[in-house]
Amino acid sequence: MKIIVCIKQVPETQEIRLDPVTHTLLREGVKSIINPFDLYALEEGLRARERQGGTVTVLSMGPPQAGDALREALTYGADDAVLLSDRAFAGADTWATAFTLARGITKLGGADLILCGKQAIDGDTAQVGPEMAAFLDLPYVAWARKLTFVDSEVLQVERLLDHGYDGIEVRLPALITVVKEINEPRVPSFKAKLRAKSQKIPVLSLPDLELEPDQVGLPGSFTQVVKVFPPPARGARELWEGTPTELANRLWTRLQELKIG
Amino acid sequence: MNYLLTEEQQMLQELATQIAEERIKPVRAELDEEERFPTEIVQDLAQSDLFGVIIPEAYGGLGLGCLENCLVLEALSRACVGVATTYAASFLGAYPILLFGSEAQKGQYLPELARGDKLAAFALTESQAGSDAGGIQTVAVKDGDDYVLDGTKQWITNAGEAETYTVIAITDRAKGARGASAFIVESSDTGISFGKKEKKMGIRSSATREIIFQNCRIPADRRLGKEGQGFIIALKTLDYSRPGVGALAVGLAQGALEESVHFARQRHQFGTPIISFQAIQHMLADMATEIEAARALLYAVARYIDSQPKDFTKQSAMAKLFPTDVAMRVTTDAVQILAGHGYMREYPVEKMMRDAKILQIFEGTNQIQRNIIGQALNKEFSKKGK
Numbered sequence: 385m386k387i388i389v390c391i392k393q394v395p396e397t398q399e400i401r402l403d404p405v406t407h408t409l410l411r412e413g414v415k416s417i418i419n420p421f422d423l424y425a426l427e428e429g430l431r432a433r434e435r436q437g438g439t440v441t442v443l444s445m446g447p448p449q450a451g452d453a454l455r456e457a458l459t460y461g462a463d464d465a466v467l468l469s470d471r472a473f474a475g476a477d478t479w480a481t482a483f484t485l486a487r488g489i490t491k492l493g494g495a496d497l498i499l500c501g502k503q504a505i506d507g508d509t510a511q512v513g514p515e516m517a518a519f520l521d522l523p524y525v526a527w528a529r530k531l532t533f534v535d536s537e538v539l540q541v542e543r544l545l546d547h548g549y550d551g552i553e554v555r556l557p558a559l560i561t562v563v564k565e566i567n568e569p570r571v572p573s574f575k576a577k578l579r580a581k582s583q584k585i586p587v588l589s590l591p592d593l594e595l596e597p598d599q600v601g602l603p604g605s606f607t608q609v610v611k612v613f614p615p616p617a618r619g620a621r622e623l624w625e626g627t628p629t630e631l632a633n634r635l636w637t638r639l640q641e642l643k644i645g
Numbered sequence: 014m015n016y017l018l019t020e021e022q023q024m025l026q027e028l029a030t031q032i033a034e035e036r037i038k039p040v041r042a043e044l045d046e047e048e049r050f051p052t053e054i055v056q057d058l059a060q061s062d063l064f065g066v067i068i069p070e071a072y073g074g075l076g077l078g079c080l081e082n083c084l085v086l087e088a089l090s091r092a093c094v095g096v097a098t099t100y101a102a103s104f105l106g107a108y109p110i111l112l113f114g115s116e117a118q119k120g121q122y123l124p125e126l127a128r129g130d131k132l133a134a135f136a137l138t139e140s141q142a143g144s145d146a147g148g149i150q151t152v153a154v155k156d157g158d159d160y161v162l163d164g165t166k167q168w169i170t171n172a173g174e175a176e177t178y179t180v181i182a183i184t185d186r187a188k189g190a191r192g193a194s195a196f197i198v199e200s201s202d203t204g205i206s207f208g209k210k211e212k213k214m215g216i217r218s219s220a221t222r223e224i225i226f227q228n229c230r231i232p233a234d235r236r237l238g239k240e241g242q243g244f245i246i247a248l249k250t251l252d253y254s255r256p257g258v259g260a261l262a263v264g265l266a267q268g269a270l271e272e273s274v275h276f277a278r279q280r281h282q283f284g285t286p287i288i289s290f291q292a293i294q295h296m297l298a299d300m301a302t303e304i305e306a307a308r309a310l311l312y313a314v315a316r317y318i319d320s321q322p323k324d325f326t327k328q329s330a331m332a333k334l335f336p337t338d339v340a341m342r343v344t345t346d347a348v349q350i351l352a353g354h355g356y357m358r359e360y361p362v363e364k365m366m367r368d369a370k371i372l373q374i375f376e377g378t379n380q381i382q383r384n385i386i387g388q389a390l391n392k393e394f395s396k397k398g399k
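In the order they appear, the protein sequences are chains G and S.
Residue 584 in this note's numbering sits at position 200 of the first sequence; the count goes up by one each step and never skips.
Residue 245 in this note's numbering sits at position 232 of the second sequence; the count goes up by one each step and never skips.
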């Protein structure tokens with residue numbers, strides 16, 4: 385089974401700074417990490433390999449230093465890593481990012497299973513995974529909290545919902561985005577760390593992907609971040625269970641307490 | 014301090030530190046409180062290849078030496094000596110096989126220990142045989158192609174959790190110090206059973222139990238080395254493992270120092286952080302200086318051992334003695350600096366002080382270490398004819 389795990393290098397700090405003109409993230413001087421949700425995707429890829437055999441390739445699009453994130457992914461036991469990097473890719477929105485990554489996957493000969501974190505902690509869009517599936521014309525399931533292989537071609541997925549989960553069966557090849565409930569990522573291994581130190585990470589550029597400059601990066605993007613602001617905090621919510629009478633009584637009491645009734 | 018570690022050694026340190034920070038620190042108080050064996054962390058350590066540090070590459074290990082072993086132990090014990098002891102005790106059990114095992118024995122047992130699929134334990138101590146290993150009562154009687162073991166080992170770290178035991182038993186009492194032999198016993202052998210988990214002052218997540226041998230029959234090819242080599246095997250094993258105890262001590266003391274400095278900078282009294290008082294500064298200064306001295310001694314001895322000298326018993330004893338005494342003083346002072354907070358289980362230093370005490374006791378009390386060093390000095394100077 386050929387498994388591709390897409391990862392993103394993100395700034396570690398919570399105190400992000402933005403470019404006042406382009407509204408994109410300023411990354412200079414900020415320590416970078418693998419997007420935490422992607423580590424769950426990587427772990428799930430490694431577990432799928434243990435069950436089904438095959439290889440795990442980690443893929444990322446980003447500046448050359450994103451190679452560090454890929455090298456770190458190798459220390460967890462991924463077989464190889466590929467970086468999509470070109471100045472022309474800069475400023476990509478989720479469309480252009482997903483388009484470029486999808487092309488990268490096609491250039492790598494496709495995959496039986498593509499895994500992504502549910503979203504990145506910097507952009508928080510949760511769009512790139514599903515968009516890639518659309519470009520690749522593959523089925524996808526987002527927010528997976530459990531994967532079970534029925535056989536080498538069919539995957540059972542539990543999709544996390546607010547108050548429960550959906551049971552979904554999907555035919556491979558497919559793309560899955562995972563939530564942190566899905567597993568506990570392993571620790572790196574020393575032997576993999578030694579291997580990763582000298583392992584070659586191929587870099588694919590715009591010509592390698594056979595794309596035009598206006599299909600990628602800022603020119604290939606349909607959206608632009610105009611303003612970034614913290615959303616207003618939602619008030620505290622409570623979930624009550626009980627018979628209609630109990631709930632009605634409880635609600636009436638609470639409304640009186642809150643001096644609304 | 015820069016100890017001129019190689020890139021590989023630094024990577025090992027980083028990995029052990031990552032496991033200590035991410036996996037051990039968050040649960041150490043809970044493991045201690047519940048006296049719970051750290052099964053999940055043992056799995057993490059296995060996944061990380063760290064159970065292979067001293068095992069040769071030919072047997073699936075990393076083929077590294079005493080210094081690398083010390084670096085890992087130090088990094089782990091900075092978070093929790095209880096967990097680090099569980100890990101270290103597996104090496105203690107592996108050393109006799111590594112040092113004295115036949116090719117067949119090494120091929121059978123070392124790969125699974127290197128992978129961390131199985132844990133090992135070393136069984137020497139008995140109720141009448143502590144510092145005086147000559148008091149061993151457990152016997153191994155040759156019976157055809159087998160040995161039959163009878164007796165009880167006491168306070169054995171990892172007993173009941175490990176699958177592979179290296180056991181010292183008497184094969185010929187008349188021969189005195191040459192009357193003991195070493196054996197590999199498996200937890201699945203008939204006639205081996207374990208006592209209840211002992212309730213301890215510190216390192217409470219580690220498992221300490223009695224091992225009871227009742228008519229425990231093992232094939233003769235489980236004997237390590239020659240018959241009568243048992244005490245030599247035990248002493249050589251301890252020569253190799255004692256710097257590891259020193260490493261546990263350095264890591265523990267470092268952890269206690271860090272908690273102390275952090276607290277002293279946060280805690281305000283008389284309108285100022287208590288680190289601004291000389292009384293506190295001087296305590297911290299002594300702690301930091303003693304830890305650095307202990308670390309420098311430990312690394313120097315570890316490097317000396319890795320140079321494969323013929324005899325390093327004295328140096329090995331020093332590398333256990335000094336750091337463990339330092340750890341006891343440093344953790345006691347850490348509780349003093351955190352004072353009321355330090356005495357509460359909500360803060361980690363009271364556990365560190367409880368954990369420190371065992372380091373002065375196990376693998377030879379510090380009084381025994383002083384005996385070893387003293388006797389070595391006597392021997393050295395008698396050779397020089399002075």
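Think of the hints as simulated: they come from the structure by calculation, not from any bench.
For each residue, glycine too, the CB sits at the ideal point set by N, CA and C.
Keep in mind that a hint or two might mislead.
[Said to hold, decoys possible] Not everything, but these chain S residues come out facing chain G in the computed CB check (under 7 Å):
no. : residue
1   : L28
2   : I32
3   : E34
4   : V55
5   : D57
6   : Q60
7   : S61
Task: S61 (chain S) as chain G interface residue, shortest Cβ-Cβ below 7 Å - done: Constraint on S61 (chain S) satisfied, holds at 5 Å.
Task: Closest C-beta approach of D57 (chain S) to chain G relative to 7 Å, hint status - done: Since the shortest Cβ distance to chain G is 5 Å, the answer is holds.
Open item on the list: Restraint: Q60 (chain S) near chain G, CB-CB cut 7 Å. Satisfied or not?
Closed with: 5 Å, holds
- [ ] With a cut-off of 7 Å on the beta carbons, see whether E34 (chain S) makes it to chain G.
- [x] It is violated, given that the least Cβ distance between E34 (chain S) and chain G is near 11 Å, above 7 Å.
Open item on the list: Quick check on the hint: L28 (chain S) CB to chain G CB, less than 7 Å?
Closed with: Constraint on L28 (chain S) satisfied, holds at 6 Å.
Task: Interface hint for V55 (chain S), Cβ within 7 Å of any Cβ on chain G - done: 12 Å, violated
Open item on the list: Min Cβ distance, I32 (chain S) to chain G: is it shorter than 7 Å?
Closed with: 5 Å, holds
Of the hints listed earlier, those the structure fails to meet are numbers 3 and 4, in rising order.
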